[in-house]
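Order-wise, the sequence lines are chains A and B. The numbering of the first sequence is my numbering, which starts it at 1 and goes up by one. The numbering of the second sequence is my numbering, which starts it at 1 and goes up by one.
Hints in this document: simulated from the structure, not taken from any laboratory.
Which chain A residues face chain B? A few, computed with CB under 8 Å, are given here: (1) Thr31; (2) Asn55; (3) Gly58; (4) Ser94; (5) Gln105; (6) Phe107; (7) Gly108.
From the three backbone atoms N, C-alpha and C, an ideal C-beta is built for every residue, glycine too.
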Amino acid sequence: ETGVTQSPTHLIKTRGQQVTLRCSSQSGHNTVSWYQQALGQGPQFIFQYYREEENGRGNFPPRFSGLQFPNYSSELNVNALELDDSALYLCASSHRGTVNSNQPQHFGDGTRLSIL
Amino acid sequence: QKEVEQNSGPLSVPEGAIASLNCTYSDRGSQSFFWYRQYSGKSPELIMSIYSNGDKEDGRFTAQLNKASQYVSLLIRDSQPSDSATYLCAVKKGGGNKLTFGTGTQLKVEL
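My request is simple: use the sequences and hints to build the entire structure.
Listed below in structure tokens is the structure:
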């Protein structure tokens, strides 16, 4: 069984640039969630995608956007990068069978983004 | 008040001892509770999930949930140096997949 994979593993950008991070969900999983983890903090929920639509969003500005593709893979796009965007970006997938599914989420290895 | 609170530690225990990690949450509507282990520089790894009051055991790990007190804990028996990591408590409310995490407790198991 293939787990959640993310690319790239590391990325360095400068302020004002744009970045795209990618995530392939675990086989059989139809829901993808993105999290931002700053150093010394717990992961913070950015948003989740289900059936190619955003389905829940955390307290992040609109310059954080995403996509989900028919094969359930996903992208996180961040525009106008700021220094505070430096963090580990985590993708998690799960299978959402019912509205109140309690399926646990498994994370990919993450993308470490550094903003100079 | 933070939604999920954990003592940041570090919590130091000798090898072979029981490590007790605690977490409180503020939203009484929370329904699902998870413990993740995170080694330095790595992503979180799910180690336990619990959904109803009481204890749930899996190998050396026991998760305990008390919804009335809004408290969830993780016990690690026979602690090993390889258990040294940051342990993240996460809660989920209702449908959807939004997890709310605490800041994590750093555990150090000393020889």
